[in-house]
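Undergrad: One gets my numbering by counting positions in the sequence shown from 1 and adding 523 to each.
Rather than coming from a laboratory, the hints here were simulated on the basis of the structure. A couple of the hints might just be wrong.
As the list claims (entries may be wrong) - Okay, derived cross-link-like pairs now, SDA-like style, lysine to any residue, Cα gap no bigger than 25 Å in a straight line:
| id | residue 1 | residue 2 |
| --- | --- | --- |
| 1 | K764 | Q776 |
| 2 | K802 | D606 |
| 3 | K802 | L602 |
| 4 | K817 | E804 |
| 5 | K659 | L531 |
What the hints assert, rightly or not - Ranges of calculated distance between the beta carbons of each label pair, as one might list FRET restraints:
| id | residue 1 | residue 2 | range |
| --- | --- | --- | --- |
| 6 | M675 | V528 | 32 to 40 Å |
| 7 | Q533 | D731 | 35 to 43 Å |
| 8 | A812 | Q702 | 21 to 29 Å |
| 9 | K906 | Q783 | 50 to 58 Å |
| 10 | D897 | G578 | 38 to 46 Å |
| 11 | H597 | M524 | 51 to 59 Å |
| 12 | N681 | A772 | 25 to 33 Å |
| 13 | N668 | A710 | 15 to 23 Å |
| 14 | P532 | D714 | 33 to 41 Å |
| 15 | W673 | I903 | 33 to 41 Å |
| 16 | M524 | N667 | 48 to 56 Å |
| 17 | I903 | D714 | 50 to 58 Å |
| 18 | D896 | M524 | 50 to 58 Å |
| 19 | A547 | N668 | 29 to 37 Å |
None of these values were measured; they are calculated from a predicted model. Yeah, the Cβ is synthetic: ideal placement off N, Cα and C, and Gly gets one too.
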Amino acid sequence: MTSIVSKLPQVGTTIFTTMSALAAEVGAINLSQGFPDYNCSPELIELVNKAMKDGHNQYAPMAGVKALRNEIAHKTKKLYSADYDPDTEITITAGGTQAIFTAITAIINPNDEVIVFEPAFDCYAPAIKLAGGVVKSLELQPGNNYRIDWAMVKKLTNNRTKLIILNSPHNPTATILHQEDIEELSAIVKDQDILILSDEVYEHLIYDGEIHHSMARYLELQQRSFIIASFGKLLHATGWKVGYCLAPAYLMQEFRKVHQFLVFSVNSAMQYGIAEYLKDENIYLNLPAFFQEKRDHFKKGLAETKFELLPSYGSYFQSVRYGHLTNEADTDFALRLTKEAGVACIPTSVFYTQGTDHKVLRFCFAKRQETLDDAVNRLIDFKL
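I would like the entire structure built from these sequences, with the hints used as guidance.
TA: Shown next, in the form of structure tokens:
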């Protein structure tokens, strides 16, 4: 057998696959991987089905179906007062992860440094390493609600810093960027050759009257940013794997060079169906209230457990601390909860390069009310 040298020697099966498989094996309620247990809109399914019957079953244009790019431009203008040219600044992708990988590999060269805030979604670092880049991690702490220490960010930047990756609303911590974060970020990148990758797949899941500080809102930041979004989160259809990227034309030109050789184009019928469905603006305008109701219901139930709840400002995740209950590693405790309590979650140490364990677990509340109630009752009954 021919030997190879792995490009990602430390990478194994993702925690999401592991926990979902274990949940299925032991019959646990799966609040680990971030996907709904309810179906997407029947109207949307009908629209996609109609697109198939209408003959939209061949390759879509490489950049995506024009009708969908037009709807994205309209939505972005309405929400953030930002103008994106559908022809040169919007590309439809096979989900958010593909868009993130494409953006990183399009602009990162060997030894370029990329600032990543941890805990971080697990696809960032591998893409950086595959491109030959260097990950510069800054660990965030639950003790101050995972707020970014911008003084430390400034210390990390130098003439090799090519990219800063942001994620708001944030997975796994459910935190969001605030106006002061935007001001600090703007000051750091001003007059610097630093690009931004802004992972905004949870853009519509913002609670308690807060606003989403998209990079699209701020012209100077917009002009140096790849913005990643996901229809999986917006439409409750994570299995469709359809997302998109917004970027100024000079960046999108490089993005498409990689995109065309990675997937070339994305499912045609789904694009036509989504384009028609998004003509109803209430689809995304009503989403914060829909998920806030789920968050509030789940929080109320979790308050009856022995866990300490952390704030959830956005996304569809609720994190809890358990260090006052046991000193078990979060990976071990998550496995035990799955097997003994019958509720699967994600240990947040897996989102840190060094495996930093703050005794924090992440639960997904994008579930039916009866699912959440059942999970809460199991957690209340669980004996340590």
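Undergrad: Next step is simple, just say for each hint if it's right about the structure.
TA: Tested hints:
1. A hinted pair counts as satisfied when its Cα atoms are at most 25 Å apart, and K764 with Q776 qualifies at roughly 22 Å.
2. Under the criterion of a C-alpha separation no larger than 25 Å, the hint pairing K802 with D606 is consistent with the structure, at around 18 Å.
3. Between K802 and L602 the CA atoms are separated by roughly 14 Å; this keeps the pair inside 25 Å, and the hint holds.
4. A hinted pair counts as satisfied when its Cα atoms are at most 25 Å apart, and K817 with E804 qualifies at roughly 21 Å.
5. Restraint check for K659 and L531: the C-alpha separation of about 17 Å stays at or below 25 Å, so the hint holds.
6. Between M675 and V528 the Cβ separation comes to about 34 Å, which falls inside the hinted range of 32 to 40 Å.
7. For Q533 and D731, the Cβ-Cβ distance of about 38 Å falls inside the hinted range of 35 to 43 Å, so the restraint holds.
8. Look at A812 against Q702: about 23 Å separates their beta carbons, and that is inside 21 to 29 Å.
9. At roughly 56 Å, the beta-carbon separation of K906 and Q783 lies within the given 50 to 58 Å, and the hint holds.
10. Checked against the hint of 38 to 46 Å, the pair D897 and G578 passes, with Cβ atoms roughly 44 Å apart.
11. The hinted window of 51 to 59 Å between H597 and M524 holds, with their beta carbons roughly 54 Å apart.
12. Between N681 and A772 the Cβ separation comes to about 28 Å, which falls inside the hinted range of 25 to 33 Å.
13. Taking the beta carbon of each, N668 and A710 are about 22 Å apart, inside 15 to 23 Å as hinted.
14. Distance hint for P532 and D714: a CB-CB separation of about 38 Å, consistent with the stated range 33 to 41 Å.
15. The beta-carbon spacing between W673 and I903, approximately 40 Å, falls within the hinted interval of 33 to 41 Å.
16. Distance hint check: the CB atoms of M524 and N667 are about 50 Å apart, consistent with the given range 48 to 56 Å.
17. A beta carbon spacing of about 55 Å between I903 and D714 agrees with the range 50 to 58 Å that was offered as a hint.
18. Against the hinted window of 50 to 58 Å, the Cβ-Cβ separation of D896 and M524 comes to about 52 Å, which satisfies the hint.
19. Restraint check, A547 to N668: a C-beta distance of roughly 33 Å satisfies the suggested window 29 to 37 Å.
Of the hints listed earlier, there is not a single one the structure fails to meet.
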